[in-house]
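Asker: Following the hints, complete the assembly by docking chains B, C and D onto the known chain A.
Chains as they are written, first to last, in my numbering: chain A, 3 to 154; chain B, 3 to 154; chain C, 3 to 154; chain D, 3 to 154.
No lab work stands behind these hints: they were computed from the structure. Here the structure is a predicted model, which is why all the values come from computation and not from measurement. Take the hints with a grain of salt, since some may be wrong.
Where chains are identical, the list cannot tell them apart; a pair therefore holds if satisfied intra-copy or between any two copies.
Said to hold, decoys possible - Below, in silico cross-link-like pairs of lysine to any residue (SDA-like), each with a Cα-Cα straight-line distance of 20 Å or less: (1) K134 <-> R100; (2) K28 <-> A51; (3) K134 <-> Y48; (4) K134 <-> T7; (5) K28 <-> P47; (6) K28 <-> Y48; (7) K28 <-> R18.
Listed below, chain by chain, are the residues.
There are 4 protein chains.
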Amino acid sequence: MATATAPDPDYEERVRASFERQAAMKSIGAELTLVRPGTVEIEMPYAAAFTQQHGFLHAGIISTAMDSACGYAAFTTMPAGAGVLTIEFKVNLLAPGRGERFLFRGSVTKPGRTIIVADGQAYAFGPHGEAKLIATMTGTMMTIQGRDGIEG
Amino acid sequence: MATATAPDPDYEERVRASFERQAAMKSIGAELTLVRPGTVEIEMPYAAAFTQQHGFLHAGIISTAMDSACGYAAFTTMPAGAGVLTIEFKVNLLAPGRGERFLFRGSVTKPGRTIIVADGQAYAFGPHGEAKLIATMTGTMMTIQGRDGIEG
Amino acid sequence: MATATAPDPDYEERVRASFERQAAMKSIGAELTLVRPGTVEIEMPYAAAFTQQHGFLHAGIISTAMDSACGYAAFTTMPAGAGVLTIEFKVNLLAPGRGERFLFRGSVTKPGRTIIVADGQAYAFGPHGEAKLIATMTGTMMTIQGRDGIEG
Amino acid sequence: MATATAPDPDYEERVRASFERQAAMKSIGAELTLVRPGTVEIEMPYAAAFTQQHGFLHAGIISTAMDSACGYAAFTTMPAGAGVLTIEFKVNLLAPGRGERFLFRGSVTKPGRTIIVADGQAYAFGPHGEAKLIATMTGTMMTIQGRDGIEG
Chain A
3 MATATAPDPD YEERVRASFE RQAAMKSIGA ELTLVRPGTV EIEMPYAAAF
53 TQQHGFLHAG IISTAMDSAC GYAAFTTMPA GAGVLTIEFK VNLLAPGRGE
103 RFLFRGSVTK PGRTIIVADG QAYAFGPHGE AKLIATMTGT MMTIQGRDGI
153 EG
Chain B
3 MATATAPDPD YEERVRASFE RQAAMKSIGA ELTLVRPGTV EIEMPYAAAF
53 TQQHGFLHAG IISTAMDSAC GYAAFTTMPA GAGVLTIEFK VNLLAPGRGE
103 RFLFRGSVTK PGRTIIVADG QAYAFGPHGE AKLIATMTGT MMTIQGRDGI
153 EG
Chain C
3 MATATAPDPD YEERVRASFE RQAAMKSIGA ELTLVRPGTV EIEMPYAAAF
53 TQQHGFLHAG IISTAMDSAC GYAAFTTMPA GAGVLTIEFK VNLLAPGRGE
103 RFLFRGSVTK PGRTIIVADG QAYAFGPHGE AKLIATMTGT MMTIQGRDGI
153 EG
Chain D
3 MATATAPDPD YEERVRASFE RQAAMKSIGA ELTLVRPGTV EIEMPYAAAF
53 TQQHGFLHAG IISTAMDSAC GYAAFTTMPA GAGVLTIEFK VNLLAPGRGE
103 RFLFRGSVTK PGRTIIVADG QAYAFGPHGE AKLIATMTGT MMTIQGRDGI
153 EG
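Chain A with its partners taken away, still in its complex shape (with noise of 0.2 Å):
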């Protein structure tokens, strides 16, 4: 959303290190591509290691992306210390997970104090660069504070 704002000037900085530190990121094959205060874009190459039986990427995979993409966009609304947890997400999956790149952003739709909601949409990318939309995130996201092992 265009009015989210990053109270914490190092939130890109915050994002990026707390990424590296998602071990699902790397084994999945996902990079972290834009990081904007309330946006955030996560990009990873088709994956045969991570399909279904049809051979589209798993729906479960599209979503660890999603799910990803719209908790640091939260994140980046929240103060220095602070960290991030999903309490619940959905997702639409509107066509196969097939492609030879994929993309995945995450916005906040409502920032908030405690709570922060976000929208993510999946998109798959043919082999002439052409986008289209694979799939729908709403994600609740919760800032936790002065909680041991639970920053970034």
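Answerer: Below, chains B, C and D without anything else, positioned relative to chain A:
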């Protein structure tokens, strides 16, 4: 659901064959441990390679296994030759994905010719075998018939 | 979605006729204010008779109007003679249902022959006409054809 | 959930007092029929005034009653002086809202100091008293403390 029935006597074999083709399941270390009409269970050990930034199993990986469990629970109620696709799901994360081992159960709540609703639970097991409910899912699955490449 | 098309030239008439038969809309004081291919808007004044315990419009009533908006947005993309049913929806309540007037918009995010995904927004208007986003919805709708009693 | 406990001995009185202030419940003809720690039931007769276009109880009205049942189930687990707000919910419509009478049950799946997850079921009763599961809900509720006007 106790009253779910499998119209195809080979339902278990079909579920197992399809699961084998889900590369994502092998990659995250998941195994199919129970296949009954209307219910499927999947288990996996804790995997540091699939964690989020605090060292817990990533919410998206929990969702990946629950989606497969719910999808195959729905698949047991489908006729031979059908394929199963996930339309949408919603996940609530109730506790961190911390544990030595995880079990994911999917059960059909509402069978149907085209649309099937399944509910899932994810449990974490501690060092003494104690189980904790860490997430729930409600998913909507669709029966696909007569579409090339969509079987299983 | 800008690219949604209405295959039936009488789509608006069909939406209006079906809306007239939704007794719930009349009971909560809702009116149909916009019908375009893929987008429908419904408005209603604040109604003390449909509040929750703090005097805000009840989350379920907000959902009722958003569900009708999303359902009819989907309906505009269906052929003549079809009926529309809601399979599921998810609602996030972003701010209290406080205001003088409310607008509920439903838009088709993913058209389809059988399954249609629509997204909704609910806005509250204050005394000076200022709008506030109070809720969002993602809903999955189904086209019903050839079933007695399910038209419109 | 069997293990939910009510920290405030006056929990039932507080639920009943808050329910009385929910004008929406009276308007749709709903009554509070069971209040236990972690579980609340609401019932209502079929109401032609709250139907959708095919004469079934509107999905949004089913959601309204399930949201109140889930919200009050959560409320039974809160301390005196707290208020309850719904953050989000998801509803699956499993069968048409057709019947002589309806029962809506909300139960706490995961208690918590701030965030409480509750699950709901809606049943329709036919002319001979036979029950049919027509919808399910998963909702996320929040405990509000020390905010003016938000009690109950």
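Asker: So, for every hint listed, does it hold in this structure?
Answerer: So, going through the hints one by one against the coordinates:
1. Proximity of K134 to R100 under the C-alpha cut-off of 20 Å is restricted to the intra-copy arrangement: shortest distance 10 Å within a copy versus 35 Å between copies.
2. Taking the shortest Cα distances, K28 and A51 sit within 20 Å of each other both inside one copy (13 Å) and across copies (8 Å).
3. In the homo-oligomer, the alpha carbons of K134 and Y48 lie at most 20 Å apart inside one protomer (14 Å), although the nearest pairing across protomers, at 34 Å, exceeds that limit.
4. Only between protomers do K134 and T7 lie at most 20 Å apart by alpha-carbon distance; the minimum there is 18 Å, versus 29 Å within a single protomer.
5. In this assembly of identical chains, K28 and P47 lie within 20 Å of each other by CA distance both inside one copy and across copies; the values are 12 Å within and 19 Å between.
6. Within a single copy, K28 and Y48 get their C-alpha atoms as close as 14 Å, and across copies as close as 17 Å, so both meet the 20 Å cut-off.
7. For the identical chains of this complex, K28 and R18 are intra-copy neighbours only, at 13 Å inside a copy versus 29 Å across copies, given an alpha-carbon limit of 20 Å.
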